[in-house]
Amino acid sequence: MDLSDSPEDAEFRARLREWLGKVLPTLPPKPSPDDWPGRRAYDLGWQRALHDAGYADVHWQAPPGVRLIFLEETEKAGAPYVGAGFVGLLHAGPTIAAEGTPEQRARWLPPILRGEEVWCQGFSEPDAGSDLAALRTRAWRDGDAYVVSGSKIWTSHAEVADWCELLVRTDPDAPKHRGISWLAMPMDAPGVTVRPLRTLAGSAEFAEVFLDEVRVPVGNRVGAENDGWRVTMVTLSFERGTAFVGEVVACRRVLGELAHRARRTGRWDDPVLRRRLGSLNAEFRALWRLTQWNVSAAEAAHGGVPGVGGSVFKLRYSQARQELYDAAAEVLGDAALDADRTWTADRLSSLSYTIAAGTSQIQRDIVAERILGLPKGR
Amino acid sequence: MRFLLTEDQRALRDGARELLARRFDRAALRAAVDRPGVLDRALWRELGAAGFFALRLPEADGGVGLGLPEAVLVFEEAGRRLLPGPLVATHLAAGHVPGAAEGETVVAAADGGGLVEWLAQADVVRGDVDGAVPLRSVDPLTPLHAVPARGTADPAAVLLTAAEQLGTATRACELAVQHARAREQFGRPIGAFQAVKHLCAELLVRVETARAAVYAAAVTADPADIAAARLLADDAAVRGARDCLQVHGGMGFTWEADVHLLLKRAWVRTRRAGGGTESEELLAADLLAGADR
Chain D
11 MDLSDSPEDA
21 EFRARLREWL
31 GKVLPTLPPK
41 PSPDDWPGRR
51 AYDLGWQRAL
61 HDAGYADVHW
71 QAPPGVRLIF
81 LEETEKAGAP
91 YVGAGFVGLL
101 HAGPTIAAEG
111 TPEQRARWLP
121 PILRGEEVWC
131 QGFSEPDAGS
141 DLAALRTRAW
151 RDGDAYVVSG
161 SKIWTSHAEV
171 ADWCELLVRT
181 DPDAPKHRGI
191 SWLAMPMDAP
201 GVTVRPLRTL
211 AGSAEFAEVF
221 LDEVRVPVGN
231 RVGAENDGWR
241 VTMVTLSFER
251 GTAFVGEVVA
261 CRRVLGELAH
271 RARRTGRWDD
281 PVLRRRLGSL
291 NAEFRALWRL
301 TQWNVSAAEA
311 AHGGVPGVGG
321 SVFKLRYSQA
331 RQELYDAAAE
341 VLGDAALDAD
351 RTWTADRLSS
361 LSYTIAAGTS
371 QIQRDIVAER
381 ILGLPKGR
Chain F
87 MRFLLTEDQR
97 ALRDGARELL
107 ARRFDRAALR
117 AAVDRPGVLD
127 RALWRELGAA
137 GFFALRLPEA
147 DGGVGLGLPE
157 AVLVFEEAGR
167 RLLPGPLVAT
177 HLAAGHVPGA
187 AEGETVVAAA
197 DGGGLVEWLA
207 QADVVRGDVD
217 GAVPLRSVDP
227 LTPLHAVPAR
237 GTADPAAVLL
247 TAAEQLGTAT
257 RACELAVQHA
267 RAREQFGRPI
277 GAFQAVKHLC
287 AELLVRVETA
297 RAAVYAAAVT
307 ADPADIAAAR
317 LLADDAAVRG
327 ARDCLQVHGG
337 MGFTWEADVH
347 LLLKRAWVRT
357 RRAGGGTESE
367 ELLAADLLAG
377 ADR
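Here the protein sequences come in this chain order: D and F.
Once you know that position 191 of the first sequence is 201 in the numbering used here, the rest is easy, because the numbers rise by one and skip nothing.
Once you know that position 175 of the second sequence is 261 in the numbering used here, the rest is easy, because the numbers rise by one and skip nothing.
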């Protein structure tokens, strides 16, 4: 058991810190949450800066330990998170890097790394959310293209995306986990319609995407035809594995701010509230350690693809994040009901965490069946 | 950073696991339940000979010369087997009390809480136990005396207790899963039902989160990390035993099933070496103190 940096890690950390100290003060102000074109430009600008400094591919090329240091240091320094680059950098990019042909890697990876193209995720459907394999969007071959019809939902960044990592059913007669293929679909193709959805936080975070006989070249298929489920599992293990690392660091910062605020306002004298914040400190410390444990395990297992331990983490973290913002509401009192407060917006957005990337119920099934070996059933 | 068990640590853990499986199996556990308040001195000496108490003593002083991470692994195994006796007090007395390191001397201690374990069986008592009054202990495997609470707990006692809780939580998870796989109702194993499945999953989530916290605290020995480890491990052990009981249904409420022994021991440990409230206050104060997070 070792929690110290290796000499190489320590050097990487020091170099990154120095660079962050120089570059962060030069960043433009953050756009408002509803200004999607502004957010796209801002997030891509940050990715471009990372690229020029040599940090662009840290999410999928670097060893997990280095990636952990990157996420820890950027968050501590208050650097922007991946934002609109999320799907490209954390899902589609690693998937294409792992499963794509040399031509596909050459076509799609450099623009992601340089901060030129935004991806969105076309996985969920109105009738296939957590039961992802029940998806019905059809694709049939017509010469050198697939013709795609159907609809997708909960698609983040769809309005400003250039590409969509799209799951389609290419063999309707196969068992539901087979017969699925993974396509890269250009979002400006004829037949693609995007309709933003308003979330309970009042903002348009995600969208419905309607597909009406959209032609996607066969060459845009990543992995073999009807092998999309396996390709997708590669993507999802990244999503559930280390995608939340930076956020744990952020939650620890928020908790510290909350404690200082409670002391300023006198709420700190309430022992029930104080102890609740103390116990949240324990929670987020433990989650950080669990992250380090999972990353070490992934590194030891080679390849760096996180295992099902990601589901354990996601279950606990998504719950803890909601408890953090409930505690924040206790500290804020009446102000917690002011929709213009950042805390309020964050509290509302925390509600998505036990749903997105597989609901807590689905994660518990995964833990019970794949780790504990309990029988399948409902 | 390589936050995983080393080869040597795995070998040590496996060795402790084998020793305890051989010397303190289920029959021995139930025999101990039938003889409450009596400590198995022969077993105590064997633990001493295996280095259980001298683990962290320097080799120059006749110890094994290992550190907190190794001690935590061994105490986790003790917790997993529900090994009875003042293990933490005797371990912490090694090097201070003659015979403790070898398991020849049984040491009890007042360590900041209001309870002393195994007072009547101890050869040496550390700390102030004036005015100790015997209780009829809820845990048949841990005799208790109440003392006026004074002093503060040794962080090492808190951490080793957390390690025992982690082991007990792990055992609760194992027992629950084993039962959920074997027990059939409505023509199928109850583990196929989502309600039962989810209880088991939550058991594991609490165990794994506590494990990361306990191991990290053993590496850093940081008081706030130790306090966090305690809170997570207490929760994993107490709620784990309750959920395990729930999975067992009516069987879980019987004296014959071992589940109540897990829960009662977990309860006793929540009051050892200070308590959860103290840890929460320490972690609250840490939020205001720490600039680096």
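Among the hints, a few may not be true.
[Claimed, not checked] Chain D stretches covered by chain F per the calculated footprint, using a threshold of three residues with CB under 8 Å from any CB of chain F:
no., stretch
1, 12-20
2, 56-64
3, 225-236
4, 287-298
Derived by calculation from the structure, the hints in this document are not laboratory data.
Virtual Cβ for every residue (Gly too), placed ideally from N, Cα, C.
Original post:
Checking against the hints above, which ones are violated?
Top reply: 2 and 3
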